[in-house]
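J.: Okay, here's what each chain looks like letter by letter:
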Amino acid sequence: GDSVTQMEGPVTLSEEAFLTINCTYTATGYPSLFWYVQYPGEGLQLLLKATKADDKGSNKGFEATYRKETTSFHLEKGSVQVSDSAVYFCALSDKVTDKLIFGTGTRLQVFP
Amino acid sequence: DAGVTQSPTHLIKTRGQQVTLRCSPKSGHDTVSWYQQALGQGPQFIFQYYEEEERQRGNFPDRFSGHQFPNYSSELNVNALLLGDSALYLCASSSVRAGAYNEQFFGPGTRLTVL
Numbered sequence: 228g229d230s231v232t233q234m235e236g237p238v239t240l241s242e243e244a245f246l247t248i249n250c251t252y253t254a255t256g257y258p259s260l261f262w263y264v265q266y267p268g269e270g271l272q273l274l275l276k277a278t279k280a281d282d283k284g285s286n287k288g289f290e291a292t293y294r295k296e297t298t299s300f301h302l303e304k305g306s307v308q309v310s311d312s313a314v315y316f317c318a319l320s321d322k323v324t325d326k327l328i329f330g331t332g333t334r335l336q337v338f339p
Numbered sequence: 530d531a532g533v534t535q536s537p538t539h540l541i542k543t544r545g546q547q548v549t550l551r552c553s554p555k556s557g558h559d560t561v562s563w564y565q566q567a568l569g570q571g572p573q574f575i576f577q578y579y580e581e582e583e584r585q586r587g588n589f590p591d592r593f594s595g596h597q598f599p600n601y602s603s604e605l606n607v608n609a610l611l612l613g614d615s616a617l618y619l620c621a622s623s624s625v626r627a628g629a630y631n632e633q634f635f636g637p638g639t640r641l642t643v644l
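So the protein sequences, as listed, match chains B and F. Counted the way this note's numbering counts, the first sequence spans residues 228 to 339. Counted the way this note's numbering counts, the second sequence spans residues 530 to 644.
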């Protein structure tokens, strides 16, 4: 079945460092891809999305590009802030069912 | 505009008991999905309701059941609770009318602890 694999955490960075969180997927069709963020004690918030190959999703300085050839959707940010500390989930959605399939999450810790 | 709301925030039950969790979707949304998030894991899809019927279901036993009301709100029921049911239960709402991609908006979740 469809699945998502993302890098293990935690990822520990200093403020203003460059961030990459790797995500790869397995899917039979052409899914939509997402990054969600979960701050401590809260639910999930959609960070960005891409619905077809070569699309780039972006929001709040974060970016990810839908790479069909490598089945990847890596999350990047040029300069992280302490407030970016959270757990980040990569997910895919079958366009027919809308069911979301999540990776296990990657905790990001940013220190001043 | 209120987003997705869930109640209660926290719940403690003992093994064998039954529990009901509630969700009110975002205004204008007609579809509700439920997810279980175990500690340190990603959310797992339980089921989805649309027009008061279960539209699709994940790999969860029949102990997990749900309901959707005419006002689109939803309940998740879990019978014969097991220790392994301890998790954060997330509700997400979306709109079929939104078109090809139905973005799901998540509530803050209900933390269930089974002792």
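Derived by calculation from the structure, the hints in this document are not laboratory data. These figures come from a predicted structure and were not determined experimentally. By construction, the Cβ of each residue, glycine as well, lies at the ideal position given by its N, Cα and C atoms. Just so you know, not all the hints are guaranteed correct.
As the list claims (entries may be wrong) - Far from chain F by the CB rule (all over 12 Å, computed), these chain B residues:
hint, residue
1, V231
2, D311
3, V337
Unchecked claim - The calculated DSBU-like cross-link candidates involving lysine-lysine, where the alpha carbons are at most 35 Å apart (straight line), are:
hint, chain 1, residue 1, chain 2, residue 2
4, B, K283, F, K555
5, F, K555, B, K295
6, B, K322, B, K276
7, B, K295, B, K279
8, F, K542, B, K304
9, F, K555, B, K326
10, B, K322, F, K555
11, B, K304, B, K287
12, B, K322, B, K304
13, B, K279, F, K555
14, B, K326, B, K283
15, B, K279, B, K326
16, B, K326, F, K542
17, F, K555, B, K287
J.: Does each hint fit the structure? Answer for all of them.
T.: Structure-based check of each hint:
1. Against the 12 Å criterion, V231 (chain B) falls within the reach of chain F, whose nearest CB is about 8 Å from its own CB.
2. Against chain F, the non-interface label of D311 (chain B) holds: every CB pair exceeds 12 Å, the least being about 19 Å.
3. Separation of V337 (chain B) from chain F is adequate, the least Cβ-Cβ distance of about 20 Å exceeding the 12 Å criterion.
4. The suggested pairing of K283 (chain B) with K555 (chain F) holds, with an alpha-carbon distance near 27 Å, which does not exceed 35 Å.
5. Under the criterion of a C-alpha separation no larger than 35 Å, the hint pairing K555 (chain F) with K295 (chain B) is consistent with the structure, at around 33 Å.
6. Proposed proximity of K322 (chain B) and K276 (chain B) is supported: the alpha carbons are some 13 Å apart, at most 35 Å.
7. For the hint pairing K295 (chain B) with K279 (chain B), the CA-to-CA distance comes to about 9 Å; that is within 35 Å, so the pair holds.
8. Note on K542 (chain F) and K304 (chain B): the hinted pairing is violated, with a Cα-Cα distance of about 42 Å set against a maximum of 35 Å.
9. About 18 Å separates the Cα atoms of K555 (chain F) and K326 (chain B), which keeps this hinted pair within 35 Å; it holds.
10. With a CA separation close to 21 Å, the supplied pair K322 (chain B) and K555 (chain F) stays within the 35 Å bound.
11. As the CA atoms of K304 (chain B) and K287 (chain B) are separated by approximately 9 Å, the hinted pair is consistent with the 35 Å bound.
12. Restraint check for K322 (chain B) and K304 (chain B): the C-alpha separation of about 27 Å stays at or below 35 Å, so the hint holds.
13. Distance restraint check for K279 (chain B) and K555 (chain F): the Cα-Cα separation of roughly 26 Å lies within the 35 Å cut-off, and the hinted pair is therefore satisfied.
14. With a CA separation close to 22 Å, the supplied pair K326 (chain B) and K283 (chain B) stays within the 35 Å bound.
15. Note on K279 (chain B) and K326 (chain B): the hinted pairing holds, with a Cα-Cα distance of about 17 Å set against a maximum of 35 Å.
16. Our distance criterion of 35 Å between C-alpha atoms is met by K326 (chain B) and K542 (chain F), whose separation comes to about 29 Å.
17. For the given pair, K555 (chain F) sits about 23 Å from K287 (chain B) by alpha-carbon distance, which is consistent with the 35 Å threshold.
Violated hints, listed in ascending order, are 1, 8; each of the other numbered hints is respected by the structure.
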